[in-house]
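Residue numbering for the sequence shown follows the working numbering, beginning at 7 and increasing consecutively.
Treat the hints as calculated values from the structure; they're not laboratory data.
Check the hints yourself; a few may be wrong.
[What the hints assert, rightly or not] In silico lysine-lysine, BS3-like type, Cα no more than 25 Å apart, as pairs:
id, residue 1, residue 2
1, Lys135, Lys23
2, Lys247, Lys292
3, Lys28, Lys49
4, Lys191, Lys135
5, Lys288, Lys28
6, Lys135, Lys107
7, Lys43, Lys135
8, Lys135, Lys20
9, Lys191, Lys49
10, Lys28, Lys135
11, Lys20, Lys247
12, Lys178, Lys49
13, Lys178, Lys23
14, Lys49, Lys247
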Amino acid sequence: MKQPDTYTPPDVWKWNKNTGGKYAAINRPVAGATHDKALPVGKHPLQLYSLGTPNGVKVTILLEELLAAGHTDAEYDAWLINIGQGDQFSSGFVAANPNSKIPALVDHSGAEPQRVFESGSILLYLAEKFGAFLPASPSQRTECLNWLFWQMGSAPFVGGGFGHFYAYAPVKIEYAIDRFAMETKRLLDVLNRQLADHPFVAGHEYSIADMAIFPWYGGLVEGWLYNAAHFLSVDDYPHVKRWADQLLQRPAVQRGRMVNRTFGDPATQLHERHDASDFETKTADKLTSDS
């Protein structure tokens, strides 16, 4: 392996704003708001502030599944947070999530608004609130949460590790790509072995574990995440592919993938969602044709 140019870290790291990369303009080593702007609030108790990334899609899939299962109180407004423009650093968003990462949820159904941040926390909050997609038995519930937190713990390796160095870094670093490709393939193998013996990730029930894992690992084997399916030899994971194909047949999953989406076919982009009818009338292709 060709070694990169030698780099000797300084005694004290200093922020260099010119580090390059796709998201260099919005990355910074400090927290807090950069500007004052309140978050909008729609007509439903559940207010989601998000973007159609894998972490955002987890939550919109669950919300659409809850509605499909008859939980009418799960109606929601989904507001677009454009992270490329720094919307996540507004004072309103920082109040909802001090970590300035999408998604963030505010539940207005109680006496006081309840903020919920971190995608895994949102999934668990909603599953418990509506008593759905989380097994009732202690053993099965624990297995579901095992896999939910497996995904949360592995996401930095897949996204911040492999995805960053393979797709977004300003230079291709062989060591970094090899390191995180190896770990991503190991994680795919963990999931493939589990799904070889179970129809869904946590067993025989479709759950929030599937909804958390699908946008990341389903995205890899279906080829839309980092355009890396061939590079990662995803045919090595047939059980993950079977499971991902199965979930893609669910109408609620199809709708959830559209919400807050700003890329791809305009017909699949619903930038904001405030009513179920928006899927038929307000996708990006229709808004463009009407203008």
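Satisfaction of hint between Lys107 and Lys135, Cα-Cα up to 25 Å: Cα-Cα ~23 Å, so holds.
Holds or violated: Lys178 with Lys23, Cα cutoff 25 Å? holds (20 Å)
Please verify whether Lys20 and Lys247 have alpha carbons no more than 25 Å apart. Measuring from Cα to Cα gives roughly 44 Å; hence the hint is violated.
Straight-line alpha-carbon gap Lys43 to Lys135, limit 25 Å: violated (29 Å)
Are Lys49 and Lys247 close enough, with their CA atoms no more than 25 Å apart? violated (38 Å)
Has the given pair, Lys28 with Lys135, been kept, meaning a C-alpha gap of at most 25 Å? Violated: Lys28 and Lys135 sit about 37 Å apart, past 25 Å.
Keeping to a limit of 25 Å between CA atoms, is the pair of Lys28 and Lys49 held or broken? Status violated; Cα separation ~35 Å.
Holds or violated: Lys247 to Lys292, with C-alpha atoms at most 25 Å apart: Judged against 25 Å, a Cα distance of about 32 Å means the pair is violated.
Distance restraint between Lys191 and Lys135, which requires alpha-carbon spacing of 25 Å or less: Since the Cα atoms of Lys191 and Lys135 sit roughly 35 Å apart, the hinted pair is violated (cutoff 25 Å).
Take a quick look at whether Lys135 and Lys23 sit within 25 Å of each other, Cα to Cα. violated (43 Å)
For the pair we were handed, Lys135 and Lys20, check the Cα-Cα distance against 25 Å. Cα-Cα ~44 Å, so violated.
Do the alpha carbons of Lys288 and Lys28 lie within 25 Å of each other, as the hint requires? Distance ~29 Å between Lys288 and Lys28 Cα, so the pair is violated.
In summary, the numbered hints that this structure violates are 1, 2, 3, 4, 5, 7, 8, 9, 10, 11, 12 and 14.
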